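K.L.:
Using the hints, build the complex out of the two chains.
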Amino acid sequence: MTRVMAQLAMVMNLDKCIGCHTCSVTCKQAWTNRAGTEYVWFNNVETRPGQGYPRTYQDQEKWKGGWELGKNGRLRLKAGGRLRKLLTIFANPLMPSINDYYEPWTYDYDRLFSAPVSEDTPVARPRSLITGEPTKIRWSANWDDNLAGAPELAPADPVLRKVSDEVKLEFERAFMFYLPRICEHCLNPSCVASCPSGAMYKRSEDGIVLVDQDRCRGWRMCVTGCPYKKVYFNHRTGKAEKCTFCYPRVEVGIPTVCAETCVGRLRYIGLILYDADRVAEAASVKDEKALLEAQKSVMLDPHDPEVIAAARESGIPEDWLEAARRSPIHKLIFEYGVALPLHPEYRTMPMVWYVPPLSPVVDVLTNTGHDGEKAGNLFGAIDALRIPIGYLAEIFSAGDPEPVRAVLRRLAAMRAYMRDINLGRERDESIAAEVGMTGATIEEMYRLLAIAAYDERYVIPKAHAEQGAKLEELATGCSLDYEGGPGMGGPFGEASGGPAPVAVENFHALKERQATDDLGRADELRGRVNLLNWDGKGTPDGLFPKRKEKP
Amino acid sequence: MNALDVTLWVVAPYVSLTVFVLGHVWRYRYDKFGWTTRSSQMYESRLLRIGSPLFHFGILVVLLGHIGGLVIPKSWTEAVGVSEEAYHIVAVVLGTIAGVCTVAGMVILIYRRRTVGPVFTATTRNDKLMYALLALTILLGLAATVMANIVGGGYDYRTTISPWFRSVFYLQPEASLMAGAPLLFKLHALSALVLFAAWPFTRLVHMLTAPVGYLTRPYIVYRSREDVAGSRPPRRGWEPIGRP
Chain W
0 MTRVMAQLAM VMNLDKCIGC HTCSVTCKQA WTNRAGTEYV WFNNVETRPG QGYPRTYQDQ
60 EKWKGGWELG KNGRLRLKAG GRLRKLLTIF ANPLMPSIND YYEPWTYDYD RLFSAPVSED
120 TPVARPRSLI TGEPTKIRWS ANWDDNLAGA PELAPADPVL RKVSDEVKLE FERAFMFYLP
180 RICEHCLNPS CVASCPSGAM YKRSEDGIVL VDQDRCRGWR MCVTGCPYKK VYFNHRTGKA
240 EKCTFCYPRV EVGIPTVCAE TCVGRLRYIG LILYDADRVA EAASVKDEKA LLEAQKSVML
300 DPHDPEVIAA ARESGIPEDW LEAARRSPIH KLIFEYGVAL PLHPEYRTMP MVWYVPPLSP
360 VVDVLTNTGH DGEKAGNLFG AIDALRIPIG YLAEIFSAGD PEPVRAVLRR LAAMRAYMRD
420 INLGRERDES IAAEVGMTGA TIEEMYRLLA IAAYDERYVI PKAHAEQGAK LEELATGCSL
480 DYEGGPGMGG PFGEASGGPA PVAVENFHAL KERQATDDLG RADELRGRVN LLNWDGKGTP
540 DGLFPKRKEK P
Chain C
0 MNALDVTLWV VAPYVSLTVF VLGHVWRYRY DKFGWTTRSS QMYESRLLRI GSPLFHFGIL
60 VVLLGHIGGL VIPKSWTEAV GVSEEAYHIV AVVLGTIAGV CTVAGMVILI YRRRTVGPVF
120 TATTRNDKLM YALLALTILL GLAATVMANI VGGGYDYRTT ISPWFRSVFY LQPEASLMAG
180 APLLFKLHAL SALVLFAAWP FTRLVHMLTA PVGYLTRPYI VYRSREDVAG SRPPRRGWEP
240 IGRP
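Line order of the protein sequences matches chains W and C. Residues 0 to 550 (numbering that gives the first Met the number 0) are what the first sequence spells out, left to right. Residues 0 to 243 (numbering that gives the first Met the number 0) are what the second sequence spells out, left to right.
Only chain C is shown next, with the shape it has when bound in the complex (with noise of 0.2 angstroms):
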């Protein structure tokens, strides 16, 4: 293990998630107003139709998977007596299926951004910049998983990719067992890492509000004009009498 095993995979590790955790505290704390889909429905919809459907579906499925494979040991799925076989062939198969939809997705999407024209010219060189590192990030996982399971022999990530993952939530990072991972899946995982430290600045802040309570909130809102809980409080000095 030297440094650049350590720097790669214990420095930038906890570079990113903090970033990541307190640039998104820091964006909701300032930020709220830029937090939106921005969604560019409004200019285009067919083309929308088919690709972000494919897109978000594929995604959520990916990280579906991606939980499954990192945070769930090993030891666990054997213990409820899922055999290795079986979990790469269910991993594989729905991997590669959700793989392929988000790719087909982010393609028409991608191609939709830069040939219709209010869409672009609605696009910002931040949207472009998280883009290119999404796009990279979803391309090397891929690449990773047919290189080693279609073109290679298998490879089991959960016997070093995951341990490292979960060691670095337990304050316990184990550089060594990445190092040696197959090239593409460290690329994949630094591209992330850098897709995630960018995260809270760009537009991708949307997934963290997705509006799950919808499902269980009265239809209604009712609102008092008094109750700023939830709009921007007061500012520093301004507080209204009676609140201490």
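Chain W extracted, bound-state conformation (with noise of 0.2 angstroms):
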């Protein structure tokens, strides 16, 4: 009998990535815009080829994340057991200080207003948050977005050091792409195996990867053991904090605030049903070109009636069901197969996947005067330009050019096809043939991956009703809990006493009902707005600051 789960998941298409981060901005706003975790991205959007964010993360020699075989052949955390962490427990070696991230600031906006006249207009200098003496900005979350600096920061890229040096030399020309990343809501998460307190867990209903802020105590080791560097460290809380996957609004059935709020629609989520007890055994493959194929095995097929049985038998609510067969990701992953896990090779059986990008091949072809959306042409490209598929096979296939050439000449085929369709051609069938699908399917991935409609990019079952009144966070706090009342933060100054609620918005409209002299505007928003309960459509009240009223 299988042990089955579901798991809510991700795939992005990164050819529509145009870098504009809008999901990381929007994500900080929502979730951390506090005090301790400036420097904190959940989500993050990096240019690549590039050092990443925090710099150079994906170099394991270095800072040891993730799982390794060891010599029995069974999986061990690769930097080091559970004796060896708690020897080291008192000072982490392997933990990435502040400036592997970016120191954060703020600027002296006073300044402007405050200065005394003179001849000389006065300039707001940046002041750095963590001591708050004047700084020099030095680095930042996407200091090299768009390549910006790339001759001297892109050789640290340790995916582009793995690639030959032929390749190196000739990447600046040909190849720039976009990678946004959040947690990577791991099958096998290191970073929970890392935890000595056992604060991180993993959600048995829908996978999700959460910290228990109230048993986390601090000792740092989850930072070290993701390998993606997604579990953060809040400096002022002293406890680690990571991406949610916005299960706020994942419970009530609407998409992450990073995936809502993307505005070339590239993000997909829903659910996966995968065996749980396959998944150590599956993260164990010897060869880690295997590790796709292995993943891929551990993920059931929703339609399979004895899949269906087991899942039933687990508990899975038939609704839950009805979304896995429905999953935009299940379809992209198996029926297209054009989706990718980012770095098998860690063996955390990662559950955000990628759709890799066409477009570096595509602008090659028309740069050098070719037909870009030819068949023949691109899937020349594909093989000729062996600089994007081998710098994407070190990211999402653990080096093997296979399953990325199979992806990108599937994108070619749908281009190929899509087009003669759109000039009034007759359909070729034999694209399609020529990548071992059929044109109805390519089309049912066209519509997927370029109309992209909201119900079918994002199919997100609701948690259960019956569990409904824990989803909610009702005015049931102390009615003194408004800031500077005397009901805010614990007996021991800011890190104590109880957590923020998760609804943000409670805690202001709380504050504004509380503190407003106004009865008549007393439930009023004026300028606060939480998108985390926004599903997108109009302008909820407080989204744009009120009018004020003529007299």
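Calculated from the model, a selection of chain W residues having no Cβ within reach of chain C, i.e. all distances over 12 angstroms:
hint, residue
1, D14
2, N71
3, G72
4, T260
5, S358
6, R404
7, L542
With the Cβ distance kept under 7 angstroms, some of the chain C side facing chain W (calculated, not the full set):
hint, residue
8, K31
9, T35
10, Q40
11, M41
12, S44
13, G116
14, H205
15, Y213
16, Y218
17, I219
18, V220
19, Y221
Since the hints were derived computationally from the structure, they do not count as laboratory data. Since the model is a prediction, treat every value here as computed from it, not as a measurement. C-beta atoms are modelled at their ideal positions from N, C-alpha and C, and glycine is treated no differently.
P.N.:
Okay, structure coming up:
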């Protein structure tokens, strides 16, 4: 009997990412807009080739994140086992410092107003949010955006260092793409395994990996354990924090903030059913290049009657099974075969997958005067241009070029096949056949990738209503719990006391309601809106500041 | 035995112990979110990598030494055949090494805390008080050992201080035993009592949740959304239906 578990997963279509950072900004506004998390980006967008955020996080010889195979062929944490963790707990030698991320800063805006009258325009100087001293800005979460400074910075890209010298010389002319990253919510999370307190856990209903803020003691091993460096240390509260897959939103069936606000509509969210008992076995496959197939073999076919029966046995509700059957993630990974995981060689079985970008290939073709949409040209170029394939393979398939090549060929076939339709020509089934698909499947795939309708992109089953009471953060808190109020914070200052409620809106609304001196405006949010609850439709109250009424 | 002795060696220990125990219960119940090491490694790790292990491993050995010296009666070690001289030599040598490591680590850590900008900024008043109490206790303890054993001719605390320590836990405190101890030992014990009373309200609480359970638990932790165990319990009046 297989133990079927459900997992919320994401796929990002990199061809459509324009690197606008909207996902990062909205995520930050919703989640890490607090003291102690100034440097934290649960979602970040990095330009590849580039060093990433934190710098060179992919260099596991340096950071020792993820799992490796021991001499006995069993999985072990790359940074060392349990005893080693406890022995290095007093000073973790593999912990990134604030400088590996960047030193967050603000500006002396007050200078602009308070400066005395003078010949020169006053300047708002940058000030470190760590020391409070004036600082020089040297790095940030996307300092090398759009290959800025690439001749100096990109050679330190750990992925680039793995591909050949020939490729290195050429890369700048040929190749650039954006890689948005969130927590991978892995099936075999090494951060959870690294946590000495057992505060990190994977939710058994939807696979979201979370940190129990009441149990975390700040031993910092999770930061080391995660090879994607997506667990962050809040230096004010002394606790680990990470991407929550916006669980308060997905529980009510709306997509994560990053997905909702993505202007390119490139993110897909849906369910995957997997066999929880086979995860460890699949993650211990000897050949790194076989990890991709191993991970796919753990994921189950939601249409298979046996799987459905086993899932029912495991207590997965019917509407979740229905959602799993409609899952865009399952379609992209299995039916269309165009999604690949990020760094499967870390053996964590990541669950945020990517459709690798074809656009660099198309760009090269068009720039050299070829027809970048023609099937023959594209297929030829995919094979001839070793740069994208080699580099993408290091990121998405442990260095094996075949899976990447197969995906790019399918994307190329879709382009060519759909162009014929758009130009009113006859459908050329041979293009589809060449990549092992049918014209009908290609059209479906085109619909999902290019049209990307909202309800096809996001198939998110709601958490169960019978558990609903727990989802709500009713205004059951103490009425004195507003900022500056007698109920605010614990007895030991900011880091103590109860955690801030998830629904930040309640907090602001409460404060507004209690602090306002005008009864008439008591329930207005005045410029505050909670993006967590916004479904993207219409303009809720408070999205824009209210116009002042004319007397 | 006068009133002062009773106050210092009978009343004070019980007050301190009570505050220590109830304080931890209270803190665990109402401030789990504040229960953390509040590590400052993100800001600076070069000095921390030397100072922190020196201090922590040192203080762990010191702790073991205190258990050996205070909890285990002299008659037991002698029954096993450990002579007073042998015990004394081992205790003094090990104790001094561990004590010096602890103090060295502490000096590095305090120096770091004061001189590294971000670390100093993150230091609260509570931390400063804790550092003062901790440093005072450690220094007095080391001074007492050094004065008694290296400068003086040795002091057998296992006939006075240790029985007093145990008598507190038997609920038959014998203040007279403590009254005759050398001044430095007395001061060390008193500062420790103050430290224990302050303990639950400082970041020292992290010691009580040392993650030894990590050695035996399975690597991957699954938890249900419904499972509130370990997280905070529902507020009174808001328990879900079906939980009698």
